Amino acid sequence: MMLLVAAWAVFLKDVRSELRTRYALNALLLFAVSTVVALSLGLGPLAPSRNADLRLIQSGLLWIAILFAAFTGLSRSFVQEEDARTAAALRLAAPPLAVYLGKLLFNLALLLLLVALTAVLSIVFLRLPVGNPGLFAALLIAGSLGLVAATTLIAAIISRASIKGALFAVLAFPLLVPLLVVAIRGTELALDGFGWDRGILPLQVLAGYTIALVTVSLFLFGSVWET
Amino acid sequence: MQELRLELDDLAIDYGTRRVVSGVSLTLHAGETLAVAGANGSGKSSLLRVLCGLQRPSRGVARYVVAGEIMQPDAARALIGWLSPDLQLYRELTAHENLRFFAQVRGLQLSDADLEALLTDVGLGGRGNDLLAAYSSGMAQRLRFAYALLHNPPILLLDEPTVTFDERGAALFERVAERQRNRGILVIATNDPRELRYGDYVLRLGI
Numbered sequence: 001m002m003l004l005v006a007a008w009a010v011f012l013k014d015v016r017s018e019l020r021t022r023y024a025l026n027a028l029l030l031f032a033v034s035t036v037v038a039l040s041l042g043l044g045p046l047a048p049s050r051n052a053d054l055r056l057i058q059s060g061l062l063w064i065a066i067l068f069a070a071f072t073g074l075s076r077s078f079v080q081e082e083d084a085r086t087a088a089a090l091r092l093a094a095p096p097l098a099v100y101l102g103k104l105l106f107n108l109a110l111l112l113l114l115v116a117l118t119a120v121l122s123i124v125f126l127r128l129p130v131g132n133p134g135l136f137a138a139l140l141i142a143g144s145l146g147l148v149a150a151t152t153l154i155a156a157i158i159s160r161a162s163i164k165g166a167l168f169a170v171l172a173f174p175l176l177v178p179l180l181v182v183a184i185r186g187t188e189l190a191l192d193g194f195g196w197d198r199g200i201l202p203l204q205v206l207a208g209y210t211i212a213l214v215t216v217s218l219f220l221f222g223s224v225w226e227t
Numbered sequence: 228m229q230e231l232r233l234e235l236d237d238l239a240i241d242y243g244t245r246r247v248v249s250g251v252s253l254t255l256h257a258g259e260t261l262a263v264a265g266a267n268g269s270g271k272s273s274l275l276r277v278l279c280g281l282q283r284p285s286r287g288v289a290r291y292v293v294a295g296e297i298m299q300p301d302a303a304r305a306l307i308g309w310l311s312p313d314l315q316l317y318r319e320l321t322a323h324e325n326l327r328f329f330a331q332v333r334g335l336q337l338s339d340a341d342l343e344a345l346l347t348d349v350g351l352g353g354r355g356n357d358l359l360a361a362y363s364s365g366m367a368q369r370l371r372f373a374y375a376l377l378h379n380p381p382i383l384l385l386d387e388p389t390v391t392f393d394e395r396g397a398a399l400f401e402r403v404a405e406r407q408r409n410r411g412i413l414v415i416a417t418n419d420p421r422e423l424r425y426g427d428y429v430l431r432l433g434i
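Residue numbers (the numbering used here), protein chains in the order written: chain E, 1 to 227; chain H, 228 to 434.
This is chain H alone, in the form it adopts within the complex:
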């Protein structure tokens, strides 16, 4: 595992005049998991959007240190996998077409067998040629896992990862979380006690 850490320094996120996240400072190393908890509207999802460079903090710094090089989150996107209820894939495309498209724009050369293996890993084996529009919410969530894991990211950000899952889906999350410990950093935004226990550290927002 290469040298990798996430550093937050006095991070704050505002929406208009309302400050939802304030003064967060921490360092997270490869092999560690951060669980972020808090009530609805406390800024869990916003914090994860900052960590993947989709949103800028109102104050403070979020950065990654990768093999000695300091990277802002938007410059580190090739290393980040993100899963969120806000994340939608293309409903008019099949699961295979979605994954192939995102592999191509990421510059990955994946064969059909690679994509099928990934789909099987997330529990969608044999369903790759179905349109996403025909998927149930749980199946769509599994495809979001495949999107997030497509490039074997050393930084994995999971926002409410099991919210639409049954028990077998929850097992997928547990497998991914365990695997990520050997791959790099994992950040989970959740209020589910079963997911919180994966955190080496728990950050409670809105207190």
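So that you can see chain E by itself, here it is in the shape it has in the complex:
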């Protein structure tokens, strides 16, 4: 119980700090908006007559926009602690698991905000047709959970490195490839209007991926945070 109270305190502290500094929020939102708008201006509304794999391409573009925006912002909750030299105070006072869970929750909140914005912008600017809105939303949420599970631990690993940005992408990429493949394929089904009977498999894979990564992170985080 004390652990959860401490984790919630870390989450609330990060939210309060973020609202006052806009350290990650501005970067994430700017990246998401500029990517979707640039795609819209460059490609124009994609019509089915132009490509038979249109839904797959639209799904891929959506997830790539989310991925790169996430790369821009999700490492910042840990990097900021090191850059501002507040990490030592946090290490001394807070249980490592509380720090992990609090940061995980904060990153999830940030990413869900980003995903919602990116999805709406894509629907508006790229004329993204959503055949099965329920499945579409479920896949975005499940993919976000997986993305956050992978990137939160990696953010902690790279936070004390000198080349944080590059290292974050290098370490995250191999972990995120399976997630992206499943998320893109699953989202294609949702755009095409397939039902839950077809969409349940990618959802299960994404849930399994998230559970596996969170479990591994719970075991590893203490060592990563203290090293």
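It cannot be assumed that every hint is accurate.
Facing chain H, from chain E, some residues (calculated, C-beta under 8 angstroms) [said to hold, decoys possible]: (1) Val5; (2) Ser17; (3) Ser217.
Pulled from the structure, derived: some chain H residues nowhere near chain E, Cβ distances all over 12 angstroms [said to hold, decoys possible]: (4) Glu259; (5) Asn325; (6) Arg406; (7) Asp419; (8) Tyr428; (9) Gly433.
Calculated directly from the structure, the hints in this document are not laboratory data.
Predicted model only: the values in this text are computed from it and were never measured.
Here a beta-carbon is modelled for each residue, glycine too, at the ideal position from N, C-alpha and C.
Please build the complex by placing chain H on the supplied structure of chain E, with the hints as guidance.
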């Protein structure tokens, strides 16, 4: 005062191939103060980081014995208060918000009145709702004292405690040092003669 002692046995700290602290062995009991002196780069701050479990020694052992139980420094953090020039709190939060956050993650249930009393004790009474970013360096140092004293730690580690203080700030240090004698162990890293005199023992590094 519960049974409490700090034991260092052949402790060494390296940075790369350079050994900054070598062969330190000592025992410090509750009610005693250790002053650590030495030139810049002699390893004073590193030694205190080892004592609070933020850094591992390159060789040897640092441990606490608390009521008969042996604890490594990282396992004893709930008992340790640490103040250092390396310690930064959240500049975008107020002093109250900083202290409330650290109280919550430590599992302490402190009221606003408790926090205000602590801030008053360190000379920041009435300034709790100011952002830390608006504090002077001396006020920020007072808030570091509040952070270190928040949980009434039986082990207090103070690294250059009065470096940004005026005379009134120095009086705060003296009050805290006197109080800690009745609470447990105090370790001070300093070269200030006024602080060194608080040491029952003086460890000189880099000699």
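Here is how each hint holds up against the structure:
no.: 1; hint: Val5; verdict: holds (6 angstroms)
no.: 2; hint: Ser17; verdict: holds (5 angstroms)
no.: 3; hint: Ser217; verdict: violated (19 angstroms)
no.: 4; hint: Glu259; verdict: holds (22 angstroms)
no.: 5; hint: Asn325; verdict: violated (9 angstroms)
no.: 6; hint: Arg406; verdict: holds (20 angstroms)
no.: 7; hint: Asp419; verdict: holds (23 angstroms)
no.: 8; hint: Tyr428; verdict: holds (25 angstroms)
no.: 9; hint: Gly433; verdict: holds (23 angstroms)
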